[in-house]
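K.L.:
Taken in sequence, the protein lines are chains E and W.
Heads up, the first sequence is in the numbering used here, so the first residue is 501 and it goes up one at a time.
Heads up, the second sequence is in the numbering used here, so the first residue is 501 and it goes up one at a time.
To be clear, the hints were calculated from the coordinates, so they are not data collected in a lab.
Do not rely on the hints blindly, as some may be mistaken.
As the list makes no split between identical chains, a pair holds if one copy fits it or if it spans any two.
Calculated cross-link-like contacts (lysine-lysine; reagent style DSBU-like; alpha-carbon spacing at most 35 Å) [what the hints assert, rightly or not]: (1) K991 - K619; (2) K536 - K509; (3) K991 - K678; (4) K536 - K840; (5) K991 - K840.
Protein chains: 2
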Amino acid sequence: MNERYDELKSRLAAVHDLRRAQEVLFWDQTVMMPPKGSPVRSAQLTTLDRIAHDLFVSDEIGWLLEELAPYEDGLDYDSDEASLIRTTRRDWQKSRRVPSELAAEMVGAAAEAHDVWAKARQENDFALFLPHLERAVELKRRYIDCFDDYDEPYDVLLDDYEPGMKTAEVRAVFDDLKRELVPLIAEVGSVEGDDAFMSGPWPTDAQHAFSLRVIERFGYDPRFFRLDVTVHPFAASSGTQDIRLTTRYSPEDITSIFTAMHECGHGLYEHGVSTSLERTPLCHGVSSALHESQSRLWENIVGRSRPFWNHFYPALQEAFPGVLGDVEQERWYRAINRVKPSYIRVDADEATYNLHIILRFELEQEIFAGTVALADLPEAWNARFEEYLGIPVPNDSLGVLQDVHWSGGGFGYFPTYSLGNIISVQIWERALADLPDLHDGFEQGEFGQLHDWLRENLYSLGRKFTPQETLERVVGGPIDAAPYVRYLTDKLTALTPA
Amino acid sequence: MNERYDELKSRLAAVHDLRRAQEVLFWDQTVMMPPKGSPVRSAQLTTLDRIAHDLFVSDEIGWLLEELAPYEDGLDYDSDEASLIRTTRRDWQKSRRVPSELAAEMVGAAAEAHDVWAKARQENDFALFLPHLERAVELKRRYIDCFDDYDEPYDVLLDDYEPGMKTAEVRAVFDDLKRELVPLIAEVGSVEGDDAFMSGPWPTDAQHAFSLRVIERFGYDPRFFRLDVTVHPFAASSGTQDIRLTTRYSPEDITSIFTAMHECGHGLYEHGVSTSLERTPLCHGVSSALHESQSRLWENIVGRSRPFWNHFYPALQEAFPGVLGDVEQERWYRAINRVKPSYIRVDADEATYNLHIILRFELEQEIFAGTVALADLPEAWNARFEEYLGIPVPNDSLGVLQDVHWSGGGFGYFPTYSLGNIISVQIWERALADLPDLHDGFEQGEFGQLHDWLRENLYSLGRKFTPQETLERVVGGPIDAAPYVRYLTDKLTALTPA
Numbered sequence: 501m502n503e504r505y506d507e508l509k510s511r512l513a514a515v516h517d518l519r520r521a522q523e524v525l526f527w528d529q530t531v532m533m534p535p536k537g538s539p540v541r542s543a544q545l546t547t548l549d550r551i552a553h554d555l556f557v558s559d560e561i562g563w564l565l566e567e568l569a570p571y572e573d574g575l576d577y578d579s580d581e582a583s584l585i586r587t588t589r590r591d592w593q594k595s596r597r598v599p600s601e602l603a604a605e606m607v608g609a610a611a612e613a614h615d616v617w618a619k620a621r622q623e624n625d626f627a628l629f630l631p632h633l634e635r636a637v638e639l640k641r642r643y644i645d646c647f648d649d650y651d652e653p654y655d656v657l658l659d660d661y662e663p664g665m666k667t668a669e670v671r672a673v674f675d676d677l678k679r680e681l682v683p684l685i686a687e688v689g690s691v692e693g694d695d696a697f698m699s700g701p702w703p704t705d706a707q708h709a710f711s712l713r714v715i716e717r718f719g720y721d722p723r724f725f726r727l728d729v730t731v732h733p734f735a736a737s738s739g740t741q742d743i744r745l746t747t748r749y750s751p752e753d754i755t756s757i758f759t760a761m762h763e764c765g766h767g768l769y770e771h772g773v774s775t776s777l778e779r780t781p782l783c784h785g786v787s788s789a790l791h792e793s794q795s796r797l798w799e800n801i802v803g804r805s806r807p808f809w810n811h812f813y814p815a816l817q818e819a820f821p822g823v824l825g826d827v828e829q830e831r832w833y834r835a836i837n838r839v840k841p842s843y844i845r846v847d848a849d850e851a852t853y854n855l856h857i858i859l860r861f862e863l864e865q866e867i868f869a870g871t872v873a874l875a876d877l878p879e880a881w882n883a884r885f886e887e888y889l890g891i892p893v894p895n896d897s898l899g900v901l902q903d904v905h906w907s908g909g910g911f912g913y914f915p916t917y918s919l920g921n922i923i924s925v926q927i928w929e930r931a932l933a934d935l936p937d938l939h940d941g942f943e944q945g946e947f948g949q950l951h952d953w954l955r956e957n958l959y960s961l962g963r964k965f966t967p968q969e970t971l972e973r974v975v976g977g978p979i980d981a982a983p984y985v986r987y988l989t990d991k992l993t994a995l996t997p998a
Numbered sequence: 501m502n503e504r505y506d507e508l509k510s511r512l513a514a515v516h517d518l519r520r521a522q523e524v525l526f527w528d529q530t531v532m533m534p535p536k537g538s539p540v541r542s543a544q545l546t547t548l549d550r551i552a553h554d555l556f557v558s559d560e561i562g563w564l565l566e567e568l569a570p571y572e573d574g575l576d577y578d579s580d581e582a583s584l585i586r587t588t589r590r591d592w593q594k595s596r597r598v599p600s601e602l603a604a605e606m607v608g609a610a611a612e613a614h615d616v617w618a619k620a621r622q623e624n625d626f627a628l629f630l631p632h633l634e635r636a637v638e639l640k641r642r643y644i645d646c647f648d649d650y651d652e653p654y655d656v657l658l659d660d661y662e663p664g665m666k667t668a669e670v671r672a673v674f675d676d677l678k679r680e681l682v683p684l685i686a687e688v689g690s691v692e693g694d695d696a697f698m699s700g701p702w703p704t705d706a707q708h709a710f711s712l713r714v715i716e717r718f719g720y721d722p723r724f725f726r727l728d729v730t731v732h733p734f735a736a737s738s739g740t741q742d743i744r745l746t747t748r749y750s751p752e753d754i755t756s757i758f759t760a761m762h763e764c765g766h767g768l769y770e771h772g773v774s775t776s777l778e779r780t781p782l783c784h785g786v787s788s789a790l791h792e793s794q795s796r797l798w799e800n801i802v803g804r805s806r807p808f809w810n811h812f813y814p815a816l817q818e819a820f821p822g823v824l825g826d827v828e829q830e831r832w833y834r835a836i837n838r839v840k841p842s843y844i845r846v847d848a849d850e851a852t853y854n855l856h857i858i859l860r861f862e863l864e865q866e867i868f869a870g871t872v873a874l875a876d877l878p879e880a881w882n883a884r885f886e887e888y889l890g891i892p893v894p895n896d897s898l899g900v901l902q903d904v905h906w907s908g909g910g911f912g913y914f915p916t917y918s919l920g921n922i923i924s925v926q927i928w929e930r931a932l933a934d935l936p937d938l939h940d941g942f943e944q945g946e947f948g949q950l951h952d953w954l955r956e957n958l959y960s961l962g963r964k965f966t967p968q969e970t971l972e973r974v975v976g977g978p979i980d981a982a983p984y985v986r987y988l989t990d991k992l993t994a995l996t997p998a
């Protein structure tokens with residue numbers, strides 16, 4: 501039986517190697533490649549994707565999984581071996597349901613739609629994008645039709661990013677969040693402050709040096725990590741020992757420090773997966789929401805906290821004497837935690853960000869429930885936006901056209917951003933219960949205790965368990981918005997005038 | 501029939517995409533990757549190699565080639581289509597002869613031997629390396645046994661780098677070369693000069709800027725090229741529009757300028773392949789010798805010529821005022837063309853370099869003819885080295901252990917370096933016959949005429965024809981050492997005191 505298991509593992513290693521090669525080639529394309537290399541690189545990525553897909557959905561893997569069922573029954577549920585068989589079975593059954601032609605059609609439509617969307621956004625022309633949006637939705641409907649084990653169609657979309665998560669569950673959590681958040685934001689969003697200094701100029705070399713200085717304290721180590729510049733920051737990895745973070749610098753803002761902490765959180769998660777899972781499909785963070793919980797934990801819960809800045813602010817002032825020489829720490833702290841409704845999701849503050857997400861989640865459900873016509877999406881967007889955030893949307897470029905996701909058929913992804921916020925505080929509270937002096941460490945610039953705890957309790961698990969099982973193991977219960985609401989309320993009301 | 505052809509082309513495109521992905525991943529490993537990523541990267545490269553090999557040697561490709569034979573007969577020999585079928589057939593038949601197990605054993609042995617060789621060289625301990633050398637030779641003998649269409653066994657080894665080239669032909673060419681070169685070097689190698697300034701210090705930033713300044717005149721363009729730093733410089737490419745050059749800088753020498761020109765020559769060749777051959781197995785330079793002819797042409801024939809330095813020397817002086825402020829151009833020109841026997845091949849001058857190669861070529865033939873025992877290789881090396889270069893070898897680290905090639909089983913590669921030198925002058929003379937005012941252009945810093953000529957007459961052909969056919973098309977005849985001997989004699993005797 502061990503021979504069968506080795507055979508499965510070796511086939512999966514080949515698929516995984518191809519997937520990782522894609523990840524590095526994509527990183528290279530975005531960060532390093534001479535611009536004219538793009539068409540050939542796209543073809544290479546398509547080829548690798550097709551071969552990896554074909555190797556994975558093969559009958560042979562199905563037979564091996566079947567033959568290994570008795571072996572699996574005799575194994576400890578928590579063992580690497582049982583987890584590999586169990587998780588692979590789920591992945592394989594799901595992949596087999598989608599015809600290659602449909603998958604290819606979705607990739608082709610996404611590539612076509614991307615450029616049209618970019619043009620539509622630039623020219624504030626929703627009508628231009630509409631036919632491509634219609635096609636993307638139509639293809640996703642056909643994708644949903646490949647499955648039958650869902651409570652509502654949107655479950656299928658969600659499952660691609662948050663395996664096992666149900667729409668009803670997200671709805672309940674988001675309803676809790678929205679109920680608390682809308683009045684909280686209405687209250688704290690009116691607090692004004694003199695944040696003029698935030699527009700810089702922030703010398704970009706100093707931004708790079710300071711970013712590295714911070715994330716090196718978190719666990720970034722040049723033996724395993726790189727930090728490069730790109731247009732849209734992301735994290736990628738070739739394995740647990742090769743993590744690529746990307747960021748961007750602009751002299752007009754100092755967002756890059758938080759971007760670096762954010763991407764470092766993603767990177768630490770991938771770096772912390774148990775090396776026993778290397779070159780297996782379990783060698784990744786378990787879901788989009790759990791991944792986002794780690795980028796947000798390091799960026800927001802750590803990186804926008806008072807103890808963190810009690811340690812780092814003097815160094816920040818030294819790095820940017822021209823901007824911060826006369827700015828006292830409290831003013832800085834309030835500026836980076838300022839709540840202020842705005843139009844663009846990626847620029848939103850920690851609190852209002854969630855309302856941007858809830859809006860998208862609700863519209864996506866209505867799209868697939870057929871209760872909103874795609875042509876009416878701008879009006880639906882604008883009405884809801886003003887209701888939640890209290891400001892009217894001036895045009896579609898700052899509204900319904902702002903995000904790339906829908907052009908690529910990426911429905912179901914948005915909610916994981918806010919689920920990540922919610923989970924980040926659940927995990928943080930659990931860590932703090934085990935290690936009550938974490939904040940004292942931050943004051944000293946010490947983050948190793950937190951990193952070690954996260955590695956032991958979350959990162960090392962990789963994809964061995966479902967996201968729900970994983971969360972249960974880390975925090976002892978299911979997803980719950982209450983800790984996050986408490987955290988935001990405490991933090992933000994402390995910043996309102998007494 | 502066109503359907504069959506399209507099917508062949510699409511299968512070959514997938515293999516080619518995987519090969520190019522390997523090339524980029526290797527470049528990344530060498531130039532960009534965090535050091536701890538190495539083991540997983542090696543596994544990824546092995547996987548891609550195995551999949552590409554399996555896809556290529558498949559029965560399906562054999563059947564397609566067979567079915568396409570009548571179609572091929574109806575095509576113009578020079579057409580892309582006929583060339584693709586013809587070249588693929590040769591590649592496929594060759595690949596099918598080598599069992600996968602032997603290929604894998606050779607890769608494994610090479611990986612093991614590499615580290616032992618590095619240690620043996622460092623510790624000047626040939627006995628340590630000997631068992632691995634024996635294994636490499638034994639595996640190569642088994643490799644030779646896979647073939648039967650050769651005049652002498654060494655033909656098989658040569659064919660891997662210089663398809664269709666026969667040992668007898670190389671022997672004849674090298675005998676011509678040796679006969680002329682040994683006395684020439686004995687004569688010009690005794691000319692002394694005050695080259696003390698060559699030890700710098702050469703600021704490395706200025707080396708990088710000057711290297712770019714030169715190769716941008718040759719055709720380097722950041723839309724298609726990159727130039728990065730590595731330990732052992734090389735050129736790689738992901739396609740004709742994505743060329744990666746690498747170089748190295750040391751404040752103690754100014755070799756980097758010539759390294760950049762050398763690697764740029766390789767890069768221009770790959771960049772110049774007709775885009776109609778993109779994503780096919782024809783999209784590469786045709787052989788090691790033809791490739792080396794281009795690196796040497798740009799590095800030596802162009803980059804060590806008087807017209808070149810008539811243009812660039814003032815700029816060089818400006819870039820390195822500390823070293824060259826008081827050095828007049830003639831002294832610089834003589835220093836970079838100084839002939840001086842030395843021990844290490846990669847540091848050898850333009851002329852003595854060939855004797856290093858001929859020595860290795862002769863020893864390799866004796867190894868496979870069985871006329872020298874591997875244990876006696878150091879003595880054989882040292883005796884012949886002193887005979888050709890006139891200086892005694894002090895130890896094996898500076899002798900038989902200096903090169904990595906044999907540890908990896910790379911027998912048959914060395915000769916292509918000197919074949920490249922020889923061919924470079926044949927091609928240069930042909931270009932000069934068509935464009936007699938090339939040197940006037942160099943004086944003005946103009947190299948576009950030469951680049952265009954090479955692109956039209958050589959680069960664009962890719963692997964459409966055999967190396968012999970290619971050379972025939974470019975220069976109108978077979979390989980011939982006479983032009984190269986003439987070129988070296990003219991250049992070097994002009995530098996001896998009158």
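K.L.:
Determine for every hint whether it applies to the structure shown.
P.N.:
Verification of the supplied hints:
In the homo-oligomer, the alpha carbons of K991 and K619 never lie at most 35 Å apart, since the shortest distance is 40 Å inside one protomer and 60 Å across protomers. In this homomeric assembly, K536 and K509 come within 35 Å of each other (Cα to Cα) only across copies, at 23 Å, whereas the closest approach inside a single copy is 38 Å. Proximity of K991 to K678 under the C-alpha cut-off of 35 Å is restricted to the intra-copy arrangement: shortest distance 17 Å within a copy versus 83 Å between copies. In the homo-oligomer, the alpha carbons of K536 and K840 never lie at most 35 Å apart, since the shortest distance is 41 Å inside one protomer and 43 Å across protomers.
Proximity of K991 to K840 under the C-alpha cut-off of 35 Å is restricted to the intra-copy arrangement: shortest distance 15 Å within a copy versus 75 Å between copies.
Hint compliance for this structure: hints 1, 4 are broken, all remaining hints hold.
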